[in-house]
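Novice: What follows is each chain in one-letter form.
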Amino acid sequence: MPSSEKTDAWRFAQTFASVSSSVAPFLDAVVAELEARSWNPGDVFAIRLALDEAVANAIEHGNRRDPDKKVRLSAEISGERILVSIQDEGPGFNFDAIKDPTLDENLELPQGRGLFLIRNFMTHVWHNDKGNIIYMEKIPQDEAQNP
Amino acid sequence: MGISNARTVTRYEKTSAVVDCLDSKLNEELTIQAWGEELGNVLDSIPKNCDRLVVNFRNVQFMSSSALRVLITLNTKARVKKVTLFLCAINANILEVFKITKLDSIFQIRPTENEAVNSMIK
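Going down the list, the protein sequences come from chains A and B.
All residue numbers for the first sequence refer to numbering that gives the first Met the number 0, where the first residue is 0 and numbers rise by one.
All residue numbers for the second sequence refer to numbering that gives the first Met the number 0, where the first residue is 0 and numbers rise by one.
Excised from the complex, chain A in its bound form (with noise of 0.2 Å):
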């Protein structure tokens, strides 16, 4: 468990256009409530990559890079866990339908590997039917691995 003295929990829920800038400032606030709360550096990057390669699928594979389209994140972390979800106002995703990319035959595509990084990274990933709402919760190294 991080060696956190901050036991409430926080907790983010927002909006933002369809454009990797304006969502950095939150990915930032992540990084910083995990800093703050001790947890360890190997986590904290897994996390950021995680939220990344999402949001970035969110924007780029969801809504197309729709200005119009939003995307929706929500997080919450506590001692023991952090919990996001993200949602894009695309039509879906089939998260099935992704090649593993540590096939020989697929290791050099450039493309392909984001949610693959996110199930790797992330303790937990599910998805609602539609395919448009990806959540992820990781738990520390610590917990994992002596629950």
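Zero decoy hints are in this set.
In silico EDC-like cross-links for lysine to aspartate or glutamate, where the CA-CA straight-line distance does not exceed 16 Å:
no., chain 1, residue 1, chain 2, residue 2
1, B, Lys98, A, Asp103
2, A, Lys129, A, Asp95
3, B, Lys101, A, Glu104
4, B, Lys76, A, Glu107
5, B, Lys76, B, Glu37
6, B, Lys24, A, Asp27
7, B, Lys98, A, Asp99
8, B, Lys101, A, Asp103
9, B, Lys98, A, Glu107
10, B, Lys80, B, Asp43
11, B, Lys81, B, Asp43
In case anyone wonders, no lab produced these hints; they're calculated from the structure.
Chain A is fixed; fit chain B onto it per the hints.
Specialist: Using the frame of chain A, we list chain B on its own:
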């Protein structure tokens, strides 16, 4: 001393063009686009006596899969020009990204710039 651009500085060591990445974060779309263009320009203008392009990541603390995309494309282009792309001084968290994605198997990755400039190609 080297050739300075917005996102990179390029030097020449022995038979290597060595590119220092100046950004601590390689995740913003415009940053990555400019960074990728600068790396591509270095490759396009690489002197005939250089057979390796070394990208030094000592300043980089964070990168997303968009940056990986740039490196994969650069690696492909380098191969066509018979130039070997080396990556060096990658921090532990980012190196984990290369390992998880198995991209460490297609890139020549070295701990230090000196090793990248002088080591044998595996």
